[in-house]
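Based on the provided sequences and hints, a complete structural model is requested.
For what it's worth, the numbering used here labels the leading residue of the sequence shown as 24, then goes sequentially.
Calculated directly from the structure, the hints in this document are not laboratory data.
There may be inaccurate statements among the hints.
[Unchecked claim] Label pairs and their calculated CB-CB ranges:
| hint | residue 1 | residue 2 | range |
| --- | --- | --- | --- |
| 1 | Gly113 | Glu62 | 31 to 37 angstroms |
| 2 | Gly78 | Gly147 | 15 to 21 angstroms |
| 3 | Gly97 | His69 | 21 to 27 angstroms |
[Unchecked claim] List time: in silico DMTMM-like cross-link candidates among lysine to aspartate or glutamate, alpha-carbon distance up to 20 angstroms:
| hint | residue 1 | residue 2 |
| --- | --- | --- |
| 4 | Lys50 | Asp80 |
| 5 | Lys57 | Asp80 |
| 6 | Lys50 | Glu79 |
| 7 | Lys50 | Glu144 |
| 8 | Lys57 | Glu79 |
| 9 | Lys50 | Asp142 |
| 10 | Lys50 | Glu111 |
| 11 | Lys57 | Asp118 |
| 12 | Lys57 | Asp82 |
| 13 | Lys57 | Glu111 |
| 14 | Lys50 | Asp82 |
Ideal Cβ positions, reconstructed from N, Cα and C, are used throughout, including at glycine.
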Amino acid sequence: MIRAALISPFLLAGCTPTSADQAADFKPDYQGVKTSLLEGDLVQFHVSMTGARRGEDVDNYAECAAAQYALIRGYGFARHLRTNLNQEGGVWAADAVYTISPSLPRGLRTIDAEVVVADCEANGIPTV
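Structure (structure tokens):
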């Protein structure tokens with residue numbers, strides 16, 4: 024005779040880590056930024072880190088670097104063009120390209136550099 028037990032999803036919810044639990048386990052090691060000015064206002068950022076939970080963490084690191092770079096160069100905005108992500112042996116890497124500009128650029132993935140840098144500092148993500 025096979026017996027099946029019905030388990031309430033509410034009981035199982037206690038077994039699933041909450042976002043607070045996952046945040047407590049998040050111990051990133053930001054391993055640096057390499058910046059290359061490609062042409063004019065086109066800038067490439069290579070960042071790497073360990074301890075990332077997912078690709079979004081390393082993508083955020085690259086965005087923080089781009090925002091700080093824009094401010095260092097006297098610009099207030101940047102526009103994301105592309106990011107290539109790679110994970111190998113626990114090391115996440117991003118190769119991201121942004122344009123920087125003094126005014127809000129056209130496009131969907133624009134960033135206000137001052138706002139982004141403040142958010143990065145609040146979340147403990149280093150910039151350039």
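Evaluated hints:
1. Gly113 <-> Glu62: 31 to 37 angstroms: 34 angstroms, holds
2. Gly78 <-> Gly147: 15 to 21 angstroms: Since glycine 78 and glycine 147 have Cβ atoms about 18 angstroms apart, the given range 15 to 21 angstroms holds.
3. Gly97 <-> His69: 21 to 27 angstroms: For glycine 97 and histidine 69 the Cβ distance comes to about 23 angstroms; the hint holds.
4. Lys50 <-> Asp80: 11 angstroms, holds
5. Lys57 <-> Asp80: 17 angstroms, holds
6. Lys50 <-> Glu79: Holds: lysine 50 and glutamate 79 sit about 15 angstroms apart, inside 20 angstroms.
7. Lys50 <-> Glu144: Holds, at roughly 16 angstroms.
8. Lys57 <-> Glu79: Measuring from Cα to Cα gives roughly 19 angstroms; hence the hint holds.
9. Lys50 <-> Asp142: This hinted pair holds, its Cα atoms lying about 18 angstroms apart.
10. Lys50 <-> Glu111: At roughly 18 angstroms apart (the allowed maximum being 20 angstroms), glutamate 111 and lysine 50 satisfy the hint.
11. Lys57 <-> Asp118: 10 angstroms, holds
12. Lys57 <-> Asp82: Given pair lysine 57, aspartate 82 holds - Cα atoms ~14 angstroms apart, limit 20 angstroms.
13. Lys57 <-> Glu111: 18 angstroms, holds
14. Lys50 <-> Asp82: Roughly 16 angstroms separates the two Cα atoms, so the pair holds.
The structure agrees with every numbered hint stated previously.
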